[in-house]
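J.: The lines below spell out each chain.
Number of protein chains: 2
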Amino acid sequence: MTPFTPYQFGSRETKQAIEEDLVFAPKFDENGLIAVMAVDAHSDEALMLAYMNEESLRLTLEKGQAVYWSRSRKELWHKGATSGEFQEVVEIRTDCDQDAIVLRVIQHGGGCCHTKRSNCFYRKVVVPKSGGLVKLAPAE
Amino acid sequence: MTPFTPYQFGSRETKQAIEEDLVFAPKFDENGLIAVMAVDAHSDEALMLAYMNEESLRLTLEKGQAVYWSRSRKELWHKGATSGEFQEVVEIRTDCDQDAIVLRVIQHGGGCCHTKRSNCFYRKVVVPKSGGLVKLAPAE
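The listed protein sequences correspond, in order, to chains A and B.
According to the working numbering, the first sequence is numbered sequentially starting from 1.
According to the working numbering, the second sequence is numbered sequentially starting from 1.
Rather than coming from a laboratory, the hints here were simulated on the basis of the structure.
Do not take every clue at face value.
It does not matter which identical chain is meant; a pair holds if it fits inside one copy or across any two.
[Stated by the list, open to error] Below, computed lysine-lysine pairings styled on DSS-like, alpha-carbon distance capped at 30 angstroms:
| hint | residue 1 | residue 2 |
| --- | --- | --- |
| 1 | Lys27 | Lys116 |
| 2 | Lys129 | Lys116 |
| 3 | Lys27 | Lys74 |
| 4 | Lys116 | Lys63 |
| 5 | Lys15 | Lys129 |
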């Protein structure tokens with residue numbers, strides 16, 4: 001069922017190669033997923049955190065738009081395909097051990113979050129000085 | 001073995017409460033972990049992606065410094081405790097379904113990454129137009 005895509009990823013043979021070589025060798029976890037933070041390409045503001053499996057990562061490379069793996073629905077999730085709120089990929093970064101991705105995107109449509117907000121990180125933690133229930137407050 | 005901390009997290013009873021109420025009710029996955037993106041508090045630049053378990057999240061709240069859970073070493077990881085490269089927490093944000101955290105930090109010491117770079121996302125993906133091995137290039 002996986003569509004053919006011509007992209008090949010590198011092998012993960014040595015720590016040195018993974019960290020220093022210029023070959024993309026992403027690591028998928030025991031569930032076949034890699035964590036992806038989508039950030040605004042202009043401001044670097046964090047928009048959302050989601051996951052990709054290998055197929056959705058390949059589709060993201062092909063389309064130039066974010067395609068995630070929905071862990072709750074257990075299906076490919078081409079964000080914006082129905083809502084119009086798609087994410088145009090400007091740059092994809094990976095980290096030292098290549099087990100995380102930062103997707104720098106231009107967010108189209110009304111916003112990133114399903115709550116109709118521009119991003120998903122709209123609340124900040126308020127740490128109570130003397131303990132007790134940890135509250136949230138609107139983030140600026 | 002878990003040290004006493006007086007902080008209480010909210011219950012996760014309804015989707016409405018999780019998304020809209022101002023109570024911190026973090027969701028830990030089947031491994032007891034929540035994904036955390038550390039970003040520079042001034043520039044919003046992505047620094048690293050790591051994970052916390054409930055104990056490390058409580059310790060982060062207590063100390064005001066990032067304490068992660070090392071998945072490879074299977075132990076608490078107070079970043080900078082030995083290297084001096086600790087992360088001073090300026091703000092903690094959570095997302096709509098409270099299963100991800102953005103930690104806005106001031107990075108102390110030489111830098112964030114164990115490779116001695118200022119952040120872990122120092123390479124970008126180069127998508128080959130006609131397929132083949134996907135390469136990386138230094139990110140600016």
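J.: With reference to the structure, classify each hint as holding or not holding.
T.: For each hint, the structure was consulted:
For a Cα distance limit of 30 angstroms, the shortest separation of Lys27 from Lys116 across copies, 21 angstroms, qualifies, whereas the shortest one inside one copy, 32 angstroms, does not. Neither within a single protomer nor between protomers do Lys129 and Lys116 lie at most 30 angstroms apart by alpha-carbon distance, with minima of 33 angstroms and 35 angstroms respectively. For a Cα distance limit of 30 angstroms, the shortest separation of Lys27 from Lys74 qualifies both inside one copy, at 19 angstroms, and across copies, at 18 angstroms. Taking identical chains as interchangeable, the C-alpha atoms of Lys116 and Lys63 lie at most 30 angstroms apart only when both belong to the same chain, with a minimum of 24 angstroms there against 34 angstroms between chains.
Taking the shortest alpha-carbon separations for Lys15 and Lys129, only the inter-copy value of 28 angstroms comes in at or below 30 angstroms, while the best intra-copy value is 42 angstroms.
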